[in-house]
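Just so you know, the protein sequences line up as chains P, W and L, in that order. Letter 9 of the first sequence, counting from 1, is numbered 9 in the working numbering, and no numbers are missing. The working numbering runs 204 ahead of the 1-based position in the second sequence. The working numbering runs 393 ahead of the 1-based position in the third sequence.
Note that these hints are calculated values from the structure, not bench results. Note that the Cβ used here is the ideal one computed from N, Cα and C, for glycine as well. Check each hint, because a few of them may be wrong.
List of simulated lysine to any residue pairs, SDA-like, C-alpha gap at most 20 Å [what the hints assert, rightly or not]: (1) P:LYS147 - P:TYR183; (2) W:LYS386 - L:ILE454; (3) L:LYS469 - L:LYS558; (4) W:LYS386 - L:ILE438; (5) W:LYS374 - L:ILE438; (6) P:LYS166 - W:GLU236; (7) P:LYS153 - P:SER178; (8) W:LYS267 - W:GLU236; (9) P:LYS69 - W:PHE238; (10) W:LYS243 - L:ILE438; (11) L:LYS521 - L:GLY446; (12) W:LYS381 - L:ILE576; (13) L:LYS558 - W:LEU223.
Quick list of simulated restraints, FRET-style, between CB atoms [claimed, not checked]: (14) L:ARG458 - W:GLN351: 33 to 39 Å; (15) L:VAL514 - W:LYS381: 25 to 31 Å; (16) L:ILE559 - W:GLU297: 41 to 47 Å.
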Amino acid sequence: MSFAKYEEKKQLSLPSLIDIIFLLLVFSLVTQPRAKSRNDVQNRSVSRNDMELPVIQGIAQSRVDEILKTLMFEIVFQQPQNTQSPRMVYALRSSGNDSITYERAKQQALRDSLFAVFPENFLSLSNMDFEQTPACRFIRNEISSFKQKHFFKPAFSNFIEIRAEKNVEFRIVQYIMSQCSAYGDTIPRVTLRTLSGRDRNRGL
Amino acid sequence: MELVSFIDMIFILLVFFLLTNFSVSTSMEEKELFIPTPKNVLGRSQIVLQMIDRSRVLWLDDKASQIVSDVEDQVGYFSSERLNEAIMAALVENSTILREQLPAQLQSLVRQADQNPQAVYFVLLRVPNEMPYYLVVDVISTLSTAQYQNIRYGCVAGTLDELKQAREIKTVLVEDKQGNRKKNLRIDF
Amino acid sequence: MILSGGTAVVAAAAIVLLARQWMLQRLPEDFVQIPFSEVEKQPEIPPRPGIRGIEISGPEIKAKRFEIDLSRSGVKELNWQQLMAVDPHAQIIVSGMVDNQGRLVFAQRDVRMEGHPLAGVMIEQALKTWMYTPFKTGPIVFTFNLPSEGKKVLVDASDLRRRDKIPEDVPILNGQLYYVDGISSQEVRQIGNSE
């Protein structure tokens, strides 16, 4: 009497398959942010994520959204991450009536050449020579024309935004502030874009 | 066996949600920090912070006028240039703090402001042109955490040498409307 | 059964995700709707830093009071009723000095009590204990005129001067320079300027 070997028919184990799928999912979620930032470098011109903004601890500041509220000067290093490269300033113009997003404003700035480069020796220039550099003249003209179109009287709500790499020298930021102060209380303040942790009470 | 796999998957779901929650809650977002623009007038403040270099800060508060007063008593006969030098030397010797000590001192000021909601403080930050502006942001972001928002602040460009070359540094007696007298320190550029 | 187990897991995951989404939507909005009337009210423009010069607030200069320092131990009051009971016709003059520690210092010969020794001794014993806040020094003269209907006590502090270590810009006011129980302030005259 021969006994036939009883072989179990092998079946695909569904629970183990789902197990593996979830493991792959978790793995990709954890690793994905890093991969995404490398890709962003390719599209640097409209990327918001690779600028090293100053980080603050306080939570009392206002959050920003995508819509540009006012004229924004973005100051970056011509070569990303290279603090020795010249500083560039972009003027991102908001529009009074329509909502324009940051990305669109940046694309317009690139298209319309609304940017200027500071000379490499800008720190050693005298105040007069510094103010005569093309970048400073550009900033001055942008503030002047924006003020004529949008700021008619002194008001707390009149302000200019500055978005700059954290290592940008104070001289540039201070120049923008001084140009605003030339109009007295009409432009009484500037805002600096910073990075801060999300508010804990938002439950996210 | 299926039950074991089932429990396995529950744990993986748990890990999945824990991880996603963690990564969302620690991400940063952009915020705005307001700074008033400067004005061409005599500024008044309770505290002046002069960044000397990346590692030192000159902290001038109500104790500064007494330091200057002592120097005036000792060497008031000096020419104005020499007197300014002597005053600044005394201030730098007695009022300089390291940058590492600055956050604690700012927090102490914020606590003081929180305990006195009726008082209004004004802090002026003077920064040399070559300093990275995130140093300014660090100071101002701490000051803006005052609970009753009673710490006002401003920042201007300025160096220690400009203070030393000021036209005049002296103490002045002022009386307010309530008749309270104060000995203030005035620096005229 | 295997299929139903997997389906159950996927369904559970979907339910959890939906629940999370619902919880997120219930969070408060970023901005509260402001009534139209409030929109017109602009916040005040905060003070802007001045660059022409800086004035840093100094400490408040509180005036100091030169007066009897009751916080010191051993200061005894002069009881006017007892004095009147002993000798109602006495006229006593005490010329003393206030020293750097605020003590009233005088010798027996500085007490003029001709014909009124009992009253003189009482006054001397009380005045020897008097101490002042240490802000002024110099001579001080007390005149006790018991029979007077008007001013019974005269304190002449006009020759007192501020101590050297007190800065000139600190005002020194004269407070109460006597410690006598049983008379009102209208019956006392103090001579001497507050600074």
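Hint by hint, work out which the structure violates, then give me just those numbers in ascending order. Per hint list: 3, 4, 5, 8, 11, 12, 13, 15, 16 violated.
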